[in-house]
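> Protein chains in written order, with my numbering: chain A, 125 to 440; chain B, 95 to 338.
Note that these hints are calculated values from the structure, not bench results.
Glycine included, C-beta positions come from ideal geometry on N, C-alpha and C.
Do not rely on the hints blindly, as some may be mistaken.
[Unchecked claim] Distance ranges between label pairs, derived from CB positions:
#1 Phe107(B) with Val416(A): 34 to 44 Å
#2 Val416(A) with Ser160(B): 27 to 37 Å
#3 Asp153(B) with Trp201(A): 38 to 48 Å
#4 Arg224(A) with Gly109(B): 51 to 61 Å
#5 Pro131(B) with Ala288(A): 56 to 66 Å
#6 Arg431(A) with Asp150(B): 42 to 52 Å
#7 Ile180(B) with Pro423(A): 51 to 61 Å
#8 Val226(B) with Lys196(A): 24 to 34 Å
#9 Leu111(B) with Arg429(A): 51 to 61 Å
#10 Ile217(A) with Thr148(B): 22 to 32 Å
#11 Phe107(B) with Arg228(A): 14 to 24 Å
#12 Gly229(B) with Ala128(A): 48 to 58 Å
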Amino acid sequence: MRWAVVAALAVLLALPAVLSSYAITIFILIFFYGFLGQAWNIVGGYAGQLSLGHAAFVGVGGYTAAMLSIEKGLTPWAGMFVGALLAALLGAIIGYLGFRFGLRGFYFVLLTVAFAEVCRIAVSNIDAVGGPLGLYITFTGDPRQFQFQDGRPYYYIALALMLAATATAWAIERRRFGVYLAAIREDEAAAEALGVNAFKYKMLAMVVSSFLTGLGGTFYAFYLFSLQPNTLFGIPLSVEIIIRPIVGGAGTLLGPILGSFILTPLGELSRLYLGQGGLPGAHLIAYGVLLVAVVLFLPEGAYPRLRRLLARRGGR
Amino acid sequence: MSLLVARGLSKRFGGLLAVAELDLTVDPGEMLGLIGPNGAGKTTVFNLFSGFLTPDAGDVDFRGRSIVGLSPHAICRLGLARTFQIVRPFPRMTVLENVRVGALVLHPRVPEALDRARDVVERVGLGARQDVAAGALTLAERKRLELARALATEPALLLLDEVMAGLNPTEIETIIQLIRGIHASGVSILLIEHNMRAVMALSQRIVVLSFGERIAEGVPAEIANHPKVIEAYLGEEYVRAAPA
């Protein structure tokens, strides 16, 4: 297992040397969505608290770094942490309301969606942050401004983000924190009876998850050079965030990454061939079909199944 | 000094007074039985003691301090553990992983908690099943798992809610021996049980509840012949018909 990880890392580090710029773009998206999925996985997968509003943290992180850069000249390398802290604060507020008042299941989902939508509508109506048109970042190509002439630096930054989130999830998983999150997900009352402070650990998971997701906002903004309320705070982005860990295996360490390696190329290629081939929206149908297939045939996600298959083969 | 003292404890659900001004004490090292017909309020008493419900009136002291208003996790950490009548295993965790959750209370590092959990799993006789997912256990095994998890928190007082319900006579005999062993190791036990033979055999003292009120208290032999108890279980006619 250890050697497989080292080999995979070596391949991913060497890959940009041989890839076309389009392939690099696909990999950047795989890593970036894998990163967002892993960040979500901490609260949505391990703790089982289904947030469908994680776009709000991307939006808060991205807008904060962009505004600080445009208005105050602060480098996004620092701004991304300010943005992540504000995203974590928003996560703490949402978590407090949801967990203190015992909102579970659909009610928690609705709370998170509502917060993200309120943020989206608020940002759309505040002209100081660009209103409905959003913000545009002037391209300078200056690495100190989180801007690069070609895709390779973004490739390595996105990879580093994905690895950092995965290392965080790994550290949580093997500690008491992770055991307690799993217990809360399985049966919160039983966990409480066994000394688990469910409120505290759900809050911690939410704060860590929203902080990481907020970091991603800066990457999003400075990779695309533009921020629109509908794309950064919208429900479609929240769906993109949760769909990969669910397909790959929520609450597993490699599920979000596997999910992103399956779904991101599928989304991009079907958008390219079906969308531009005169079938706009067809990639969404492909998404939908795959999601239905996963729910029907792999309710735990792809990764647990893959692990069992490998274990069986290894056993022979 | 008593381990647990409840004074004037009351709980109302709408129009139903589930527990009415209950006084109850558990002494250190004691095995106390709590019996009563269905709906007498026994499980409500457990929920009040373990923090899952807050009383409308009255007080509960555990180890000399009031625990009213504390959350279940805080009460567990003070040394008062409970099992659930309807078992609540973490179904996708293995037996060992289930017990590990409880062991983390006093052993916050995961490897040590796992070692501790292994001992407890062995002790309740689930050693051969430790790597099986809890969802795949039989009812008798789940009852033992429920017991093992609570035991892993290393409580001073253990509240057992019908750990024998649904078991066959052989399984009941096993679990009686298990509870005796736990008690002998120094854990005080408060036991809700419908199996009269078991509760009479295990308890040093028995408290009888009916409609939320304490109607009798005494050693098992007294309780078995107490007219109010027979009346509560079998009806007034039975008491009049019985030979004096």
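> All hints are to be evaluated individually against the structure, with a verdict given for each.
Structure-based check of each hint:
1. Phe107(B) with Val416(A): 34 to 44 Å: About 43 Å separates the Cβ atoms of Phe107(B) and Val416(A), which means 34 to 44 Å holds.
2. Val416(A) with Ser160(B): 27 to 37 Å: Since Val416(A) and Ser160(B) have Cβ atoms about 54 Å apart, the given range 27 to 37 Å is violated.
3. Asp153(B) with Trp201(A): 38 to 48 Å: This hint is violated: roughly 57 Å between Cβ atoms.
4. Arg224(A) with Gly109(B): 51 to 61 Å: 30 Å, violated
5. Pro131(B) with Ala288(A): 56 to 66 Å: This hint holds: roughly 60 Å between Cβ atoms.
6. Arg431(A) with Asp150(B): 42 to 52 Å: For Arg431(A) and Asp150(B) the Cβ distance comes to about 51 Å; the hint holds.
7. Ile180(B) with Pro423(A): 51 to 61 Å: Since the Cβ atoms of Ile180(B) and Pro423(A) sit about 25 Å apart, the hinted range of 51 to 61 Å is violated.
8. Val226(B) with Lys196(A): 24 to 34 Å: With a Cβ separation near 59 Å, Val226(B) and Lys196(A) fall outside 24 to 34 Å, so the hint is violated.
9. Leu111(B) with Arg429(A): 51 to 61 Å: 53 Å, holds
10. Ile217(A) with Thr148(B): 22 to 32 Å: 27 Å, holds
11. Phe107(B) with Arg228(A): 14 to 24 Å: Holds, since Phe107(B) and Arg228(A) (Cβ atoms, about 21 Å apart) stay within the stated range.
12. Gly229(B) with Ala128(A): 48 to 58 Å: Violated: the Cβ-Cβ distance is about 30 Å, outside 48 to 58 Å.
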